[in-house]
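The task is simple: from the sequences and hints, build the whole structure.
Sequence lines, in order, name chains A and B. Just so we're aligned, residue 2 is where the first sequence starts under this note's numbering, counting upward by one. Just so we're aligned, residue 981 is where the second sequence starts under this note's numbering, counting upward by one.
Bear in mind the hints are in silico, worked out from the structure with no lab data behind them. Please note that the accuracy of each hint is not assured.
To be verified - Lysine-lysine pairs mimicking DSS-like chemistry, simulated, CA-CA at most 30 Å apart: (1) A:Lys131 - A:Lys92; (2) B:Lys990 - B:Lys1212; (3) A:Lys23 - B:Lys1210; (4) B:Lys1301 - A:Lys57.
Claimed, not checked - Residues of chain B clear of chain A, computed beta-carbon distances all greater than 12 Å: (5) Tyr988; (6) Pro994; (7) Ile1160; (8) His1180; (9) Asp1222; (10) Ser1333; (11) Leu1376.
Computed from a predicted structure; not experimentally measured. Ideal Cβ placement from N, Cα and C applies to all residues, glycine included.
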Amino acid sequence: MNNEKKLYGIAATFKTPDEIIKAAKTTSSAGYISFDINTPYPVHGMDGAMKLKPSKLGFVTLIMGLTGASIALLLMFYTMSIEYPIVIGGKPFFALPAFIPITFELTVLLATLSTVGTMIALFFRLPDNKHPLHDTEYMKSVSNDKFGLVIESEDEKFNETEVLNFLKKLNPLTTELVYFPQEEAYPILQPKFLLFLISVAIVVSGGTYFSLNKLLIITPFNWMMDQEKVIPQKPSDIFADGRGMQLPVNGTVARGFIPYPYAGQTNPVEVLANPTLPTKENLELGKAKFFTYCSPCHGYFADGDSRLRGQFPNPPTLHSKRAKDFSDGMIYHIITNGQNVMPSYSSQITRDERWAIVNYVRVLQRAKNASDQDLIDMNKEAGSNVAN
Amino acid sequence: MSQTDFHYQKKELPANLSKLGILLFVVGAALSLTAFFVDQERAIFNYLVTYMMIVSIGLGSLFLIALEYIAGADWSTPIRRIPEFFAMLLPVLLVLVVPILIFNHDLFHWAHKEALADDKILQGKAPYLNESFFYIRTFVFIGLWSLFFFVLTKNSRKQDETKDQSLTKKNIRFSAIFIIVFALSLTFTAIDFMMSLEPHWFSTIYGVYYFAGTVVAALAAITIAVVKLKEKGYFGTWMTNDHLFSLGALLFAFINFWAYIAFSQFMLIWYADLPEETFWFLTRWNGGWMFISLLLIVVHFLVPYFALLTQPSKMNPKRLKFIAVWLLFAHLLDIFWLVMPNMGTMKNGYVFSWIDLVFPIAGLGLVIFVFTFAAKKANLIPIGDPKIKRGIDFHL
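Next comes the structure, spelled out in structure tokens:
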């Protein structure tokens, strides 16, 4: 007997399921409790023959099933009824019938996965994965075509010679002494296993990548994508010209859009007349839009003194003689059309806002060149006589 | 691995049982006949409920026999005679269906010519829902069921004497054909006799729904008979709790299946919320029907589910017997819930009447009588079946 090795148990193999049932009955009747049977497939009647108590695994299933049900219900209740309630299909926020399928799925998922996981963990004695029966001749034969019986050394009645004699009486094919493995005999992080893990990861991610990016665009999986319908911005066979989105008929005017007749002309011979009146509201609007769109270059007072001054070309002042001599329509034309480096603002500023800006520019120009009479008039209006 | 010695000696069922069946049937039939003169419409609707209940037990039993042959199950072989006895109800249907055909105008709205005249939907369904085609379907289906019943049981009984294994092979073939016949005929029967009571309504899952209930009812009836016979010592000591467990597990499975199908039907209609579909459920929410609808969930699913959840409970003969009786009642309630709200005067709510109680009495009497009648002629165990040894030695 090897003193360094500790005995795990004594194993015996048998040829038929009838023999193993008989062996199990004899063993349990002989008073052994810590023994196990290994067969290549489930043998009916084994639980009774081994005098096993009902498995406790069902409790794991029950608890995890209830956990799954509660997680699903509470999550849906919290997200859909409390935190972010959205009306879906006119159903109440807490729509129990709609929650039941997900609750059911999660219940089944957690219950089954945890049952299988727990079972494997118990069988393999995870996380060490060092069940002494691994890699024995015994395990190789019972996972193939033999039926095996192991009497474990932790049994109270265990005595090596007695057990050996007992097993011999059962007429086994073979008997084998099984020892506990040496330390680190079955490390879970051995290179082979790691290599296996890596290849699994590569296969899984490769398969996922392939099925999501390649497989789904191959017939017949792409049928959902290839639908006989017009897709925006895409060609289509439905129309003769091959366009999905049809061009508007010549001369079509977009809703709320009035075409500008002098677009593109640098020095228009004629321009529009100002259709608006410089009312207070109009000037407020013009001021706001001027601050937003014009002041970044021309400055808040249209002096051309914005932070862009010093660049080439300098943003021009709007108080020059040339600018003052522009008609309202010409300023409007410049905003609409752009001039030199100034781009067109026709897409950002609406027609009415442009005219309001024109009016506000006129206010600025007049304020910069106010006459004495203007000051008197203004003070009068304000109800003071400071100026004189 | 057969160590069990097995000698079968036929032991007759007590004569009292047959007498009890006749007594129940006569009393029930007399009361039913009275009911018929009191309220003809209600009586014929109740008659339909009991009729469908008998169809469930008979047809479900034949289905389970066929299933055993196809699946090659061992455990149910020793108790196969029980469903065979119950399936004897199928030829009886040929007589039982006659009142329904005679009084079909009380039952079926679509059978009225004047209703058809200004109803586009009924006109569209008329090629299927018309009286002559209905008669043809009914008799063809009952004829097919009876035919398969005779063939399957005749082969099974012949085997008792000849021990001819090729008969099992023959029966497997017949069973395979029967399963297809069964699926189609059961679906159309459910549509004809129950769904067409409300001819404007439709549900594609209706046949499966009735199928789920059918198997529950047949299994429940078989379980009651098996446990009773076991208690009275008609089966030898070979019958262990493992046999009962298999019956209990099947019952448990089909309770869940029923709930799954019932919920699927409800949820799709609830979610789509189309008036042409929802009114059927809304009718079953009017007045007292609401409580019966909710009761159905509790009686047909929740209580038996928890009662049969654990392994020991499926092995406990007493509990199994109780739950089987309970489930027979649950299936009766299920059919009642399917059929009765279609009655003109019951659409706005359930109104209790003694008439609802008398028809099942006659039905129960008939089932007991037919069972004892069938049992008289045959062995209680198919002793010639090649699988009988394995079935008797069955262990989990």
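Checked hints:
Between the alpha carbons of Lys131 of chain A and Lys92 of chain A the distance comes to roughly 54 Å, so the proposed pair goes past 30 Å and is violated. In summary, the hint linking Lys990 of chain B to Lys1212 of chain B is supported, as the alpha carbons are separated by about 14 Å, within the 30 Å threshold. Between the alpha carbons of Lys23 of chain A and Lys1210 of chain B the distance comes to roughly 27 Å, so the proposed pair stays at or under 30 Å and holds. The straight-line distance between the Cα atoms of Lys1301 of chain B and Lys57 of chain A is roughly 26 Å, inside the 30 Å bound, and the hint therefore holds.
Every Cβ of chain A is farther than 12 Å from the Cβ of Tyr988 of chain B; the closest lies at roughly 22 Å, confirming the non-interface assignment. Against chain A, the non-interface label of Pro994 of chain B holds: every CB pair exceeds 12 Å, the least being about 33 Å. Listed as a non-interface residue, Ile1160 of chain B keeps its Cβ farther than 12 Å from every Cβ of chain A; the least gap is roughly 29 Å. The beta carbon of His1180 of chain B is kept farther than 12 Å from every beta carbon of chain A, the shortest such distance being approximately 23 Å.
At the 12 Å boundary, the C-beta of Asp1222 of chain B falls inside the reach of chain A, the nearest C-beta of that chain being 8 Å off. At the 12 Å boundary, the C-beta of Ser1333 of chain B stays outside the reach of chain A, the nearest C-beta of that chain being 32 Å off. With a least CB separation of 6 Å from chain A, Leu1376 of chain B falls inside the 12 Å interface cut-off, contrary to its annotation.
In this structure, the earlier hints numbered 1, 9, 11 are contradicted, and the remaining ones agree with it.
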